[in-house]
Amino acid sequence: MLRYAVLVMVALVFVGPFLWLLSTALKSGAENIFQYPPELMPRETTLDNFKRVFDALPFFSYFLNSAVVAAITVSCNLILCSLAAYPLARMSFAGKHGIFLVLISTLMLPFQLLMIPLYTIAVTLGLNNSLLGLVIPHACTAFGIFLMRQAFMAIPRQLEESAHLEGVNRLQIWWHVLLPLVKPTLATLAVFTFVGVWGDFLWPLIIIDDQTRFTLPLGVNKLAGAFGKDWRLVAAGAVLSTLPMMIVFLFTQRFFISGALRGAVKG
Amino acid sequence: MKAHRASHEKLHKFVPYAFLAPAMLLIGTFVLLPMISALLISFSEYNMIEAPRLVGLDQYGRLLSDPFFWNALLNSLLYLVVVVPILSFAPIFLSVLVNRRLPGIGVFRGIYYLPVVTSLVVTGLMWKWVYEENGVLNFMLQKLGILQEPIAWLAAPETSLFAVMAVTVWSGMGFYMVIYLAGLQSIPKSLYESADLAGVSRVRQTIFITIPMLKPYIALVSVISSIAAMKVFEEVFIMTNGGPLSQTETMVFFIYQNAFVEFDMGYACAAGIALFTVTLALSIVNLMLTRDGPDAGIGMYR
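As you go down the protein sequences, you meet chains V and P in turn. If you number the first sequence the way this note's numbering does, the last residue is 267 and the count never jumps. If you number the second sequence the way this note's numbering does, the last residue is 569 and the count never jumps.
Take every hint as true, because none was put in to throw you off.
Over 12 angstroms on every C-beta distance to chain P, these chain V residues come out as not near it, computed from the model:
no. : residue
1   : E31
2   : T46
3   : D48
4   : S61
5   : L64
6   : V68
7   : G126
8   : S162
9   : E166
10  : V177
11  : K183
12  : P184
13  : Q211
Okay, derived cross-link-like pairs now, SDA-like style, lysine to any residue, Cα gap no bigger than 25 angstroms in a straight line:
no. : chain 1 : residue 1 : chain 2 : residue 2
14  : V       : K51       : V       : F34
15  : V       : K229      : P       : E399
16  : P       : K280      : V       : W175
Computed spacing ranges between beta-carbons, pair by pair:
no. : chain 1 : residue 1 : chain 2 : residue 2 : range
17  : V       : G29       : P       : I454      : 49 to 57 angstroms
18  : P       : P289      : V       : Q211      : 29 to 37 angstroms
19  : P       : F530      : V       : F111      : 16 to 24 angstroms
20  : P       : L341      : V       : N32       : 39 to 47 angstroms
21  : V       : A5        : P       : D463      : 18 to 26 angstroms
22  : P       : T296      : V       : N169      : 22 to 30 angstroms
23  : V       : D210      : P       : L512      : 29 to 37 angstroms
No lab work stands behind these hints: they were computed from the structure. For glycine and all other residues, C-beta sits at the position ideal for the given N, C-alpha and C.
Just chain V, with the same shape it has in the complex:
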C-alpha cells in the first residue's frame, strides 16, 4: 500500500501539469481561471474552447500536415534503414568499415549546426515551405540503421542460407525472411521516429512560413503568440495537438520500454 502511495505521489508530479492544462481547456469564459485559490475541477465543463481553436486557426489542416509528414517519415525510416542494415549485418564487402565510421560519425553531428546549411540546401531545392522539406533531413538516420542491424544480427544465419541455396535473391530474403522476424524492432523504430517527428519544432520553425503548411507544434506556437493571454484557448490548442500522440502512446507504450531494453543488448 505504501508503495502505491509513493507511486501515485510521483505520478502526480508528471501528470499534474497535464491535468491542469486539461482543466483550463475545459473551463468556460464565465469562470475566472486566475481565481484564488485555483480550482482543478471546472465549475461547468465546456468544449467551447476547442471550438474556438478551430475558429481561430485551421487546426484540422495542421493535424493533416503533421499526420502526412509523420506517415512519410516513419515509412522512409522503416524501409531505408532496414535496407541499409542488411548488408551491414550479413554481407562482407569492400568499404564496409568506412561506411561504419561514416555512420557513427554522423551520430555526433549536431542537427543544430547542420540546420543552417540544410536551410540553404532546402531553399536551393525549392523544398522550403513544403511537407517534403520537413521529411527529408529525418528520412533515414544512422540510429535507425544501427537499430535494425542489431536485430538482423540476432537472426540465425541458417534461415537465410537455406533460402539462398534455393536460389531466392537477396531482396526477397530481406523481405520474406528477415523483415517478418524483426517486426518488434521495426515497431520500436516506428514509434521512436513518430514521437520525434510529431513533436519536432525547430526544423519546421525554420523552413515553414506558409501557414497552410504548418504542423501542429507550429500551430500551437502560433496560437500562443496570437492569443497568449487567453490561456483557455492556448490550453485547448495544446491539448488538441497532444491528443493523437497520447492515443498512439497508449497502444505502443511497451515498444518504448522494450526499445531501450533492446538497445542494451550489444550486437
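Mind docking chain P on chain V? Use the hints.
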C-alpha cells in the same frame, strides 16, 4: 555455364551497395554535405542574399569578443552542470520504483514516460501556465509555507534559467528511467537475495548494490544528458524567448537567432562549430565509455 556463374558473381558484388545506396545518398546529401558546407560558411560572410564571401577566421574572432556569445556558452554550461547530475541520479530511483511486478505498474511507467513523448512546445506552454505569477505553482508553494510572496518564475532574472532547467529535467526524467530500467535487468538477482537474507533494507540495497552495479549506465546517461543539455532550445524559445535580459539565452538559441532572425549565416555557423566542438568531446567520451557497456544508439537519437 561457367561464364554465367562468373557474371552472376560479379553482379553479386554490387548487391550490398545497392541495399546501402538510398540510405547513403540521403545521409550524404542531408548530413555529410551540410557538415562540410557548415564549415565553409563559418569561414565566410553570408546573408542568403549576396553570394558568400570568404573572411577567414573573422567570424571566430567576432565570437571571442562577443559578450552575448560568452553569455550563451556560459548559460549552456551552467545548464549542463545543474541538469546533468539530477538527470543522472534521480531517474535511478524512478526506475527502482517501477521495477516491480505489481498490478498496474505499467500504467505508472507510462505516466512517468508521458513527458518524453510530449512535444516540447506543449510542455513549454503547459509549464509557462503553471509558472504564472498568480498561477498554480505559486499557490501550492505558498500553501505549503515555502513561499511568502509569489515569484514571477520566468520573468525574474534570478529564477528564469533555473525554472527552464526544471522543465528540461521534468521532461527528460522518464527517458533516463527507461535506460536504467534496462540496466536493472542486468543486475544478478542473487545479490539482492543475499542482501535480503542479511537483513539489509531496501534503501540501503539501492545505495550499495543498485547504484554501483549501474555504473556503466550512469556514465552513459550522464554523457547523453550532457549532450542534450548543450542542445536545449524549445523550452527557452517557448517560455522565455531568451529573456529576461538574455538570462536564458543558450547556445542553440544564440545560433537560431543569428541564423534565422539576423540571417548572419557565417557567424551562426561559427557558433555552431563551437557547439559541435563541445558535443564532439562529449560524444568521444560516450564512445569510450560505451565500447563494452550498453549501446549508445538509442540515447544518441535525442
